[in-house]
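S.K.: So the protein lines, in turn, are chains A and B.
Mind the numbering: the first sequence is residues 386 to 690 in our numbering, read in order.
Mind the numbering: the second sequence is residues 386 to 690 in our numbering, read in order.
Take these hints with a grain of salt, some might be off.
Said to hold, decoys possible - Partial pick of chain B residues on the chain A-facing surface, computed with a CB cut under 10 Å:
hint, residue
1, Glu388
2, Ala507
3, Ala513
4, Trp516
5, Tyr524
6, Trp550
7, Met554
8, Thr559
9, Leu582
10, Gly591
11, Leu595
12, Ala614
13, Leu617
14, Pro618
15, Ala621
16, Thr622
Hints are computed from structural coordinates only; laboratory data are not their basis.
Virtual Cβ for every residue (Gly too), placed ideally from N, Cα, C.
Protein chains: 2
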Amino acid sequence: MPERKKLIIEVRANEYAMRARNPHVPWSAEEIGQDAAECRAAGASIVHFHARGPAGEPAFGLESYRAPIRAIRARCDMLVYPTLGAFERPLSAQERVAHIVELARQGEAPDIAPMDMGSTNADRFDAASGWFTTEDRTYINSHATLRHFAHALGEAGVKPQLVCWNLPMLRSATAFLRAGLIAQPAWIYLGLSAASLAHHPPTLRGLMALVDFLPDDVRCEWTVALTGANLLPLAATAVALGGHVSIGVGDHDYAELGSPRNAELVRRVVEMARNCGREPATPDEARAMLGMPARNTVHSTKDLA
Amino acid sequence: MPERKKLIIEVRANEYAMRARNPHVPWSAEEIGQDAAECRAAGASIVHFHARGPAGEPAFGLESYRAPIRAIRARCDMLVYPTLGAFERPLSAQERVAHIVELARQGEAPDIAPMDMGSTNADRFDAASGWFTTEDRTYINSHATLRHFAHALGEAGVKPQLVCWNLPMLRSATAFLRAGLIAQPAWIYLGLSAASLAHHPPTLRGLMALVDFLPDDVRCEWTVALTGANLLPLAATAVALGGHVSIGVGDHDYAELGSPRNAELVRRVVEMARNCGREPATPDEARAMLGMPARNTVHSTKDLA
Numbered sequence: 386m387p388e389r390k391k392l393i394i395e396v397r398a399n400e401y402a403m404r405a406r407n408p409h410v411p412w413s414a415e416e417i418g419q420d421a422a423e424c425r426a427a428g429a430s431i432v433h434f435h436a437r438g439p440a441g442e443p444a445f446g447l448e449s450y451r452a453p454i455r456a457i458r459a460r461c462d463m464l465v466y467p468t469l470g471a472f473e474r475p476l477s478a479q480e481r482v483a484h485i486v487e488l489a490r491q492g493e494a495p496d497i498a499p500m501d502m503g504s505t506n507a508d509r510f511d512a513a514s515g516w517f518t519t520e521d522r523t524y525i526n527s528h529a530t531l532r533h534f535a536h537a538l539g540e541a542g543v544k545p546q547l548v549c550w551n552l553p554m555l556r557s558a559t560a561f562l563r564a565g566l567i568a569q570p571a572w573i574y575l576g577l578s579a580a581s582l583a584h585h586p587p588t589l590r591g592l593m594a595l596v597d598f599l600p601d602d603v604r605c606e607w608t609v610a611l612t613g614a615n616l617l618p619l620a621a622t623a624v625a626l627g628g629h630v631s632i633g634v635g636d637h638d639y640a641e642l643g644s645p646r647n648a649e650l651v652r653r654v655v656e657m658a659r660n661c662g663r664e665p666a667t668p669d670e671a672r673a674m675l676g677m678p679a680r681n682t683v684h685s686t687k688d689l690a
Numbered sequence: 386m387p388e389r390k391k392l393i394i395e396v397r398a399n400e401y402a403m404r405a406r407n408p409h410v411p412w413s414a415e416e417i418g419q420d421a422a423e424c425r426a427a428g429a430s431i432v433h434f435h436a437r438g439p440a441g442e443p444a445f446g447l448e449s450y451r452a453p454i455r456a457i458r459a460r461c462d463m464l465v466y467p468t469l470g471a472f473e474r475p476l477s478a479q480e481r482v483a484h485i486v487e488l489a490r491q492g493e494a495p496d497i498a499p500m501d502m503g504s505t506n507a508d509r510f511d512a513a514s515g516w517f518t519t520e521d522r523t524y525i526n527s528h529a530t531l532r533h534f535a536h537a538l539g540e541a542g543v544k545p546q547l548v549c550w551n552l553p554m555l556r557s558a559t560a561f562l563r564a565g566l567i568a569q570p571a572w573i574y575l576g577l578s579a580a581s582l583a584h585h586p587p588t589l590r591g592l593m594a595l596v597d598f599l600p601d602d603v604r605c606e607w608t609v610a611l612t613g614a615n616l617l618p619l620a621a622t623a624v625a626l627g628g629h630v631s632i633g634v635g636d637h638d639y640a641e642l643g644s645p646r647n648a649e650l651v652r653r654v655v656e657m658a659r660n661c662g663r664e665p666a667t668p669d670e671a672r673a674m675l676g677m678p679a680r681n682t683v684h685s686t687k688d689l690a
């Protein structure tokens with residue numbers, strides 16, 4: 386029996402989650418680094434994180450991102466995956482990606498950065514009340530902005546994750562790939578949510594209404610994530626279909642599982658994967674599967690010349 | 386055998402289509418009125434139109450809409466369905482719906498008006514070149530704007546069509562219905578496109594990735610439309626599933642069918658429907674199916690008090 390494809394486990398370490406229902410959300414650089422090392426030992430290969438201030442508030446800018454990147458790399462070989470400028474603060478495309486570009490110029494490029502592949506209303510939906518908690522949040526990523534991100538990340542030697550919450554975003558991602566603006570194999574994020582109607586619903590049908598539209602004329606690896614609810618039941622489907630898994634206490638408190646640390650979630654995904662004959666990918670294996678250069682190669686020859 | 390549900394045929398008369406490949410796109414009030422009368426005779430019950438200037442340019446404002454509404458009503462009993470303010474011109478929610486509100490105040494309310502149920506990138510995608518013809522068009526309909534539309538149209542006695550190009554828009558429409566902000570049965574538009582990646586693709590799978598998510602806890606009638614390609618193959622599926630059909634030379638030139646007039650498209654849909662045992666609904670039957678008051682009732686008792 387041929388070996389089945391390794392499973393990439395991407396940890397969604399913290400997003401902008403607070404600690405009311407799970408005290409294990411890492412905020413500081415040290416906490417993020419420690420959390421990453423635990424997750425690496427448990428079988429994860431990528432750590433996605435948002436910079437956070439001392440009280441958990443969103444933090445931005447070069448130094449806010451440099452510190453956790455260094456804290457992770459001091460402890461383990463996980464692929465490092467920060468985020469771009471937040472949509473609460475209207476910024477130009479250049480400003481939103483500036484910290485990534487500058488880190489690359491200084492030889493500290495992260496490995497992966499997100500491209501949220503479209504525009505949408507982004508009000509949080511509160512299922513209990515049946516209405517949105519805000520009514521005027523629109524998240525704008527024009528195709529011009531996305532083309533800038535694709536170019537800037539390519540120049541910086543940073544792998545984009547193509548973040549798709551819905552079919553229009555996946556269709557735009559496909560257009561970018563077919564136009565050659567993003568290198569293959571692509572790393573595609575299929576996002577479900579119980580708290581955002583901009584995403585597909587967290588059901589098998591919601592997931593398949595994305596998976597069914599993955600292009601078959603471009604090479605890609607895809608992963609599933611879920612905000613606001615337990616991903617594990619749908620992660621099993623992704624594992625079975627040859628997809629990957631993006632999970633963490635940033636997306637959901639997992640109070641129903643005892644509010645675990647990220648590494649505990651990774652361990653559960655590894656168990657599930659082994660039931661399906663899939664071993665977790667090491668960070669080096671994940672790099673190879675995603676077409677990324679091996680470690681210790683220069684990230685951006687142009688900027689370091 | 387019980388009678389099958391009548392089929393509502395909605396004519397998408399002109400949108401902003403020019404006449405390069407089909408000279409039968411109605412522009413003037415007289416042309417729109419004449420086209421509507423032909424379509425009524427062929428079996429359609431709703432006419433959706435955009436006001437157009439003498440050279441086919443988009444036209445806006447009260448009088449631009451009053452003239453075609455009168456031209457239609459002078460000739461037939463079709464349900465009259467104009468549009469709101471266009472997204473090329475940034476306008477407030479109040480401004481976008483002002484002509485509808487004012488027409489209602491003057492006793493000339495249209496029967497239906499659209500609510501485009503979300504925000505999205507809206508660049509036209511050119512399949513031949515494999516890229517977008519613009520890169521910075523974002524179409525913003527925040528939930529606050531949509532709540533204003535729902536209220537204003539309700540006050541004006543105008544039935545909203547809930548326009549859904551993708552699953553987030555359908556999820557927002559469902560939230561509005563469940564919150565009681567829109568009357569049931571809802572009139573839901575499921576839009577496919579070969580020219581916009583903001584829509585679902587014009588395939589059976591693309592259609593079903595919307596139909597599968599129609600809520601079963603609210604009453605609704607749904608219709609399918611397709612911009613940039615021939616709707617008839619997918620219209621057959623909608624007819625078979627109990628949906629309705631929105632078709633016209635505004636959405637596609639139908640050059641492959643000899644660049645017909647709208648009424649010819651309606652005739653073809655009627656033939657197809659009869660093959661499935663469904664008769665076209667008259668305008669009065671469409672009103673009843675959509676929970677709208679019978680003709681000649683006052684549209685807005687509040688404003689006319």
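S.K.: Against each hint, give a clear statement of whether it holds in the structure.
M.R.: A quick look at each hint next to the structure:
1. Glu388: 31 Å, violated
2. Ala507: 9 Å, holds
3. Ala513: Hint violated; Ala513/B Cβ to chain A Cβ min 13 Å, cut 10 Å.
4. Trp516: For Trp516/B, the interface hint holds, since the closest Cβ of chain A sits about 6 Å away, which is under 10 Å.
5. Tyr524: With Cβ-Cβ at 8 Å, under 10 Å, it holds.
6. Trp550: 8 Å, holds
7. Met554: 9 Å, holds
8. Thr559: 8 Å, holds
9. Leu582: 4 Å, holds
10. Gly591: 8 Å, holds
11. Leu595: 9 Å, holds
12. Ala614: 15 Å, violated
13. Leu617: 23 Å, violated
14. Pro618: Violated: closest Cβ of chain A sits about 19 Å from Pro618/B, beyond 10 Å.
15. Ala621: 21 Å, violated
16. Thr622: Nearest chain A Cβ about 16 Å off; hint violated.
Checked against the numbered hints given earlier, this structure breaks hints 1, 3, 12, 13, 14, 15, 16; the rest are met.
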